[in-house]
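Start from the sequences, fold in the hints, and give me the full structure.
Number of protein chains: 2
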Amino acid sequence: MSDQKKIDLEQLRELDANDSLASKRVEFKIPEGLIYLDGNSLGPLPAGIEQRLQEMITQQWGQDLISSWNKHQWIDLPVKVGERIAPLLGAAPGQVVCCDSISVNLFKLLGAALQLNSPRRVVLSQQDNFPTDLYTAQGIAGLLGDARCQLKQVSSDALYDALDETVAVLMLTHVNFRSGAMHDMRELTRRAHDVGALVIWDLAHSAGAVPLALDADNVDFAVGCGYKYLNGGPGAPAFVYVAERLQQRVEQPLSGWMGHSAPFNFDAGYAAAAGAKRFLSGTPPILSMAVLDAALDVFDGVDMQDVRAKSQQLCQMFLGLMRQLELLPKMPCASPANDKERGSQLAFQHGDAFAIAQALIDQQVIVDFRAPDILRFGFCPLYTRFEDIWHAVHRLSEIVTSGTYKQEIFNQRGAVT
Amino acid sequence: MSDQKKIDLEQLRELDANDSLASKRVEFKIPEGLIYLDGNSLGPLPAGIEQRLQEMITQQWGQDLISSWNKHQWIDLPVKVGERIAPLLGAAPGQVVCCDSISVNLFKLLGAALQLNSPRRVVLSQQDNFPTDLYTAQGIAGLLGDARCQLKQVSSDALYDALDETVAVLMLTHVNFRSGAMHDMRELTRRAHDVGALVIWDLAHSAGAVPLALDADNVDFAVGCGYKYLNGGPGAPAFVYVAERLQQRVEQPLSGWMGHSAPFNFDAGYAAAAGAKRFLSGTPPILSMAVLDAALDVFDGVDMQDVRAKSQQLCQMFLGLMRQLELLPKMPCASPANDKERGSQLAFQHGDAFAIAQALIDQQVIVDFRAPDILRFGFCPLYTRFEDIWHAVHRLSEIVTSGTYKQEIFNQRGAVT
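If you read the sequences in order, they're chains A and B.
Here this note's numbering runs 404 ahead of the position in the first sequence, where the first position is 1.
Here this note's numbering runs 404 ahead of the position in the second sequence, where the first position is 1.
Do not take every clue at face value.
[To be verified] Label pairs and their in silico Cβ distance ranges:
#1 Q455(B) x Q720(A): 42 to 48 Å
#2 P435(A) x E414(B): 57 to 63 Å
#3 V558(A) x A775(B): 47 to 53 Å
#4 G452(A) x S560(B): 46 to 52 Å
#5 G600(B) x D568(A): 40 to 46 Å
[Unchecked claim] With the Cβ distance kept under 10 Å, some of the chain A side facing chain B (calculated, not the full set):
#6 Y440
#7 E454
#8 L518
#9 F534
#10 Q542
#11 G546
#12 L547
#13 R552
#14 P657
#15 G663
#16 D671
#17 G673
#18 P689
#19 A775
#20 G807
Note that these hints are calculated values from the structure, not bench results.
Every residue, glycine too, gets a C-beta built ideally from N, C-alpha and C.
Set out below in structure tokens:
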């Protein structure tokens, strides 16, 4: 400890002054005085949304009505928004569409992968994958039966060895929702391909937060959501990536009219559209999708390598201050120590994590509690300042050291009993 | 013809003056001068939406951020909106949730019905059902294979006789999207149950347009959309009805975290929520759903029997004027003659239906063309006036009689070649 330079507020202010992403903060409407470290649950409001939505509602829906499907290209939104997300994923055009939720999209991809890799039936995943991913795999396994689909869950450490020639598809979340641990996408994809398995990556905590290279890493399929680091608003539609080389021979089970090659012919027989578009199903929620479209403007001119560099520095400063204020013995870091192995978040363990989170929120530092004992801090370099880190850790220190959070526990128990 | 009283404009104006639903029109923002007969494609903008959305964006998302999931009950929206739709369906509380699209919801219901009625495997439907319903059945049949699911399509007339003890589930759209022909829901449901089949009704062209009695008619499952007669905006989320008696023993394949009994426990194993809530899957598009919620305000105090009475009278006047202006020999009505057998729309056949629709739209009468030769007029009694009918039919008459629509054909061909 003693050989590390002490972090002070001046130093953090200097980092802010020299931050090439600092100008992005004004593109968001962050409430005055709030330190928002929860963009990995819900990204904040981008400044351009209100105007875009006003135009959507008043002019497009209100005045132009049904004609807007063509006149204002509502019909093209799933592809258009997909194409805008693609560069953030390291994906060439023609491989990403925006639609539905992660859960629904995972079902499509699992159906597609199991069909491509039949008669293999094992879906390999990780024990602490995000629950909805596991539920979706359980759902398709329940529908298809054991003979056609089996979910196998192993610990993160055991994944590499569990990849054998029984595995149809490896389904993983790139950055763990709780710990922030990040898989080596390239290496696990390579290993999966070596044994003839396909891969589905869930990018919920990656897209917009860390650089991705789906094409270069030879990924088969991916999903991700629009409401975390893409700032698309509550429940914003999700996205699907399907590698170009698989598109023409893949079928997905949720075949709906928006994925038909000619939806307005109203043919009785399904004929899949060319390319990734066949992963569309029903009519998309246009208002929510248009908001995501507008939210993506904040990524104009942003280099994901700069985002990553700042994210790592924010995490390092946060951890450095936690060390400096001697908080780590009280609440150990549950994220990987090596910053190459984590996404853009940090997790800390404490038996009273829920109450501490509440106390922090009361002091204008917005974080997440994740059961059973995790306090989760998300860092979005587009609007988080280095100075914010200083205040967040100092308020946390005061809460933990003074024990004021115990009042939260009392209040809670009081409310329950 | 000669014994029928001639319809004149004064008479229609008098009907408007005495219309108990006339006051509802101001609850919509209909563009000045527009005759909107396309609410069965996209309902117009209800007057309260802009304010509600402004509050959602600026206060809830912008200021309260992640806390809004609880503070503003975003988490409850799928159930809340479902409960608001339920009375329009003749459904007691606890049976309707709002989520996803019709296509995705039909997949859930087909999965549920096939599981309940195993080992039966036939999904019986109608040849000219709305395509996405057929595509969804084709999708699940493709996934499950012939041994577990077969789609059988027959003509509308042959449905009753095709209902036999091989049928697992009868899947029909209540009001046909093209002709407006309306099935006898009670009778077909009774017949299906007599042979041990379950029923799934698609209410896309019924909900908010005709009175429904899902509970009294003993319906098992239903879906419908939010963007037609419910006026919830482009691509508004859909809804699912699951009869209370089936809820605890039914499973649906798209099991996602929003359908879990305790989503925020983040358990690795799926445990379905009680009741209809188990039909939720992923995170819902909150902005689109909140707009649908606000749109439902226009149904406050509305008796669906009044809506039906006015809808039938609007159709009768439209048909009467078509007769009076001698248009029917040129473009015969493709909807049932008996108004008890149709929904709230009329279809007419003409070889140049597309060009005629364009010419009508140019004259501020918004209608739909449905391939190959149908001109479709939808009547929403909450905002359509009897006087509108007069102008719509007179403009149509002028277009068809003068042949001006032929210029549209010329323009189109000119544009294509």
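Checked hints:
1. For Q455(B) and Q720(A), the Cβ-Cβ distance of about 45 Å falls inside the hinted range of 42 to 48 Å, so the restraint holds.
2. Between P435(A) and E414(B) the beta carbon distance is about 59 Å. The supplied range of 57 to 63 Å therefore holds.
3. Under the hint 47 to 53 Å, the C-beta atoms of V558(A) and A775(B), about 52 Å apart, fit the expected range.
4. For G452(A) and S560(B), the Cβ-Cβ distance of about 49 Å falls inside the hinted range of 46 to 52 Å, so the restraint holds.
5. The beta-carbon spacing between G600(B) and D568(A), approximately 45 Å, falls within the hinted interval of 40 to 46 Å.
6. A cut of 10 Å between beta carbons decides the hint on Y440(A): the least distance to chain B is about 7 Å, and the hint holds.
7. With 10 Å as the threshold, the beta carbon of E454(A) comes within range of chain B, its nearest partner Cβ sitting at about 6 Å, so the hint holds.
8. Below 10 Å, beta-carbon pairs count as interface contacts, and L518(A) has one with chain B at about 9 Å; its hint therefore holds.
9. Hint status for F534(A): holds, given a least beta-carbon distance of 8 Å to chain B, under 10 Å.
10. A hinted interface residue such as Q542(A) counts as satisfied when its beta carbon comes closer than 10 Å to some beta carbon of chain B; here the least separation is about 5 Å, so the hint holds.
11. Contact between G546(A) and chain B, as hinted, is supported at the beta carbon level, the nearest pair being about 7 Å apart and thus within 10 Å.
12. Checking L547(A) against chain B by beta carbon gives a least distance of about 4 Å; that is within 10 Å, so the hint holds.
13. Interface restraint check: R552(A) against chain B, minimum CB-CB distance 9 Å, threshold 10 Å, status holds.
14. Interface restraint check for P657(A): the shortest CB-CB distance to chain B comes to about 4 Å, inside 10 Å, so the restraint holds.
15. Here the hint on G663(A) is kept, as its CB sits about 8 Å from the closest CB of chain B, short of 10 Å.
16. Using the Cβ-Cβ criterion of 10 Å, the hint placing D671(A) at the interface with chain B is satisfied: the shortest such distance is roughly 6 Å.
17. Proximity of G673(A) to chain B holds as hinted, the smallest CB-CB distance being about 7 Å (cut-off 10 Å).
18. Annotation: interface hint on P689(A) holds; nearest CB of chain B at approximately 4 Å, less than 10 Å.
19. Taking 10 Å as the C-beta contact cut-off toward chain B, the hint placing A775(A) at the interface holds, the least distance being around 6 Å.
20. Residue-level restraint check for G807(A) is violated (minimum Cβ-Cβ distance to chain B is 24 Å; threshold 10 Å).
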